[in-house]
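As they're listed, the protein sequences go chains A and B.
All letters in the first sequence, in the order written, are residues 0 to 280 by numbering that gives the first Met the number 0.
All letters in the second sequence, in the order written, are residues 0 to 280 by numbering that gives the first Met the number 0.
Derived by calculation from the structure, the hints in this document are not laboratory data.
Do not rely on the hints blindly, as some may be mistaken.
Repeated chains share a single entry, so a pair holds when one copy, or any two copies, can fit it.
Stated by the list, open to error - Only pairs whose alpha carbons sit at most 30 angstroms apart, straight line, appear in this in silico DSSO-like list of lysine-lysine: (1) Lys-47 with Lys-11; (2) Lys-193 with Lys-255; (3) Lys-158 with Lys-94; (4) Lys-68 with Lys-255; (5) Lys-101 with Lys-224; (6) Lys-40 with Lys-11; (7) Lys-198 with Lys-11; (8) Lys-232 with Lys-158; (9) Lys-75 with Lys-224; (10) Lys-197 with Lys-158; (11) Lys-11 with Lys-68; (12) Lys-75 with Lys-198; (13) Lys-232 with Lys-82; (14) Lys-40 with Lys-75; (15) Lys-101 with Lys-149; (16) Lys-47 with Lys-193; (17) Lys-47 with Lys-197; (18) Lys-214 with Lys-11; (19) Lys-158 with Lys-193; (20) Lys-101 with Lys-255; (21) Lys-197 with Lys-4; (22) Lys-68 with Lys-224.
There are 2 protein chains.
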Amino acid sequence: MLILKTIEEFTKARSNLLKGDSLGFVPTMGYLHDGHIELIKRARQENKYVVTSIFVNPTQFGQDEDLDKYPRDFEKDRNILEKYDCDLLFFPSTKEMYPSSKPGETFVVPGRTAEGLEGALRPGHFRGVATVVTKLLNIVNPTTTYLGQKDGQQVAVIKKLVEDLNFTTNITVVPTVREEDGLAFSSRNSYLSKGNRKKAPVLYSSLLIASSEYKNGDHSAQHLKEMIREQLKMDSEITIDYISIAESNSLQEVEKASPGCMISAAIWLGNTRLIDNIVLE
Amino acid sequence: MLILKTIEEFTKARSNLLKGDSLGFVPTMGYLHDGHIELIKRARQENKYVVTSIFVNPTQFGQDEDLDKYPRDFEKDRNILEKYDCDLLFFPSTKEMYPSSKPGETFVVPGRTAEGLEGALRPGHFRGVATVVTKLLNIVNPTTTYLGQKDGQQVAVIKKLVEDLNFTTNITVVPTVREEDGLAFSSRNSYLSKGNRKKAPVLYSSLLIASSEYKNGDHSAQHLKEMIREQLKMDSEITIDYISIAESNSLQEVEKASPGCMISAAIWLGNTRLIDNIVLE
């Protein structure tokens, strides 16, 4: 695997590799887990070349968020990428991605999909995501970009970005990978205390209860959300950020759940924020 | 020359043509004049393939601006493009470029370069420019994009966009092409009455007077701008929108003119708005 740290090196290496061959791209913030590995495996199966990026993007973190303590382990990540046969790793510095220290740079503003849920609670987050993804897509120029369903709103925002700005990449969404007890893999799970780690699966199980209630014929979004709230409230250490049932592309809230709707929730468990979702079939 | 009206057709035609060959791109709003022709000739000289786009982009027009009456003449444009050996013409409908009639789309916000001059007087103009240029660059994927110096702030905004968002295209800026009496070619010159057409060269001549005063050693921006104002004020039918001396990449106003500064002005002559500029050497 080649490791490229500058945009110039990367684009040169990329154009040497590729003449009409397919390239699968897995953008990450590193600290790779089984969810990332699933994306890489899928990209490996479907493309001649696989590119992964590791970049903890400062512009998508709020001022009071966890940019500084976000977990990093480059050697472990490199070993994982070698093991799963990634061809190119793009591993730029912050200065390489944002060379100007002055304000007044060009940025990308996502549309209405970014307004609710995470976007409402993390102002500027999706502007940072949309801008860095635009930059990465321009640098990598992938045939297909692989995204995890776990970050459901991010998937909707990037799909809309690609559509609205006419990027040529395909988007493939890979189902959420979970621990045996149901907790979705996330780099931020490493923040959980031992006690809270044991409690964390309640987030997914509360969504599962709502989704099986839906399958049993109860389509009232208000009722399904109430069921989730009741489950989560049973633990007094949990603070609920939101519970949502929305159409999974537009992310507009619905009154009646239907196939293609995403049931999602965000909670705080101690100092750790967890998100998860289920898309109804 | 192939004429492609949809993004899908265009990108297919483009990838059929190109395997590592250079492609020069001339984005236009049509009603082609000698300024455009200069861009096309330059692209023709320097690239294996030449792509022109004709698209009167609604998102860069203000509500009270001239979108509806903007001049159009497709048959004349097509003949010019055939004559100068353009390979592909991208000629999309508004619906092809902006398929959703709903608000809430992704857009691109240019940085500080867009704040002053045209940006101050035409709110939203450069957001529209930055968004449509992002879309066109993604669709066309050119080796080099050719822009006219006449729209000096547009050049600065697009250069910064390409840099900040890591587009891979080169930007080549082509000097302003002028009529014999000095008036810069512009599609909007067709709005001028016969009488005002005769008066219009005063815009360029006032900039020339300031630039020769600069060459004579007077570097005070305030003084040079005053000279331009005096020239323009001699005609009572002229309304001045702005007179500026700014560093030509950042577009920050300067107190002392120096090489690389752009002297620019915008005026109204009757119902026609004219802009022009000179970059100091």
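Results for each hint:
1. Lys-47 with Lys-11: Classified as both: same-chain Cα gap 17 angstroms, cross-chain 21 angstroms, threshold 30 angstroms.
2. Lys-193 with Lys-255: neither (38 angstroms within a copy, 64 angstroms between copies)
3. Lys-158 with Lys-94: both (27 angstroms within a copy, 19 angstroms between copies)
4. Lys-68 with Lys-255: neither (40 angstroms within a copy, 46 angstroms between copies)
5. Lys-101 with Lys-224: between (44 angstroms within a copy, 28 angstroms between copies)
6. Lys-40 with Lys-11: Both: 25 angstroms inside a copy, 29 angstroms across copies.
7. Lys-198 with Lys-11: Close neither inside one copy (48 angstroms) nor across copies (52 angstroms); limit 30 angstroms.
8. Lys-232 with Lys-158: neither (33 angstroms within a copy, 53 angstroms between copies)
9. Lys-75 with Lys-224: This pair counts as neither: shortest intra-copy Cα distance 39 angstroms, inter-copy 61 angstroms.
10. Lys-197 with Lys-158: For Lys-197 and Lys-158, neither the intra-copy (34 angstroms) nor the inter-copy (52 angstroms) Cα distance is at most 30 angstroms.
11. Lys-11 with Lys-68: Cα proximity of Lys-11 and Lys-68: none, with 33 angstroms in one copy and 46 angstroms across.
12. Lys-75 with Lys-198: Close inside one copy (27 angstroms), not across copies (71 angstroms); limit 30 angstroms.
13. Lys-232 with Lys-82: neither (42 angstroms within a copy, 73 angstroms between copies)
14. Lys-40 with Lys-75: Only inside one copy: Lys-40 and Lys-75 sit 17 angstroms apart there, 53 angstroms across copies, limit 30 angstroms.
15. Lys-101 with Lys-149: between (34 angstroms within a copy, 27 angstroms between copies)
16. Lys-47 with Lys-193: Close neither inside one copy (41 angstroms) nor across copies (63 angstroms); limit 30 angstroms.
17. Lys-47 with Lys-197: Result: close neither inside a copy nor across copies, 41 angstroms intra and 63 angstroms inter.
18. Lys-214 with Lys-11: neither (51 angstroms within a copy, 43 angstroms between copies)
19. Lys-158 with Lys-193: neither (36 angstroms within a copy, 51 angstroms between copies)
20. Lys-101 with Lys-255: between (47 angstroms within a copy, 22 angstroms between copies)
21. Lys-197 with Lys-4: neither (39 angstroms within a copy, 57 angstroms between copies)
22. Lys-68 with Lys-224: For Lys-68 and Lys-224, neither the intra-copy (33 angstroms) nor the inter-copy (52 angstroms) Cα distance is at most 30 angstroms.
Figure legend: structure checked against the earlier numbered hints; hints not met, in rising order: 2, 4, 7, 8, 9, 10, 11, 13, 16, 17, 18, 19, 21, 22.
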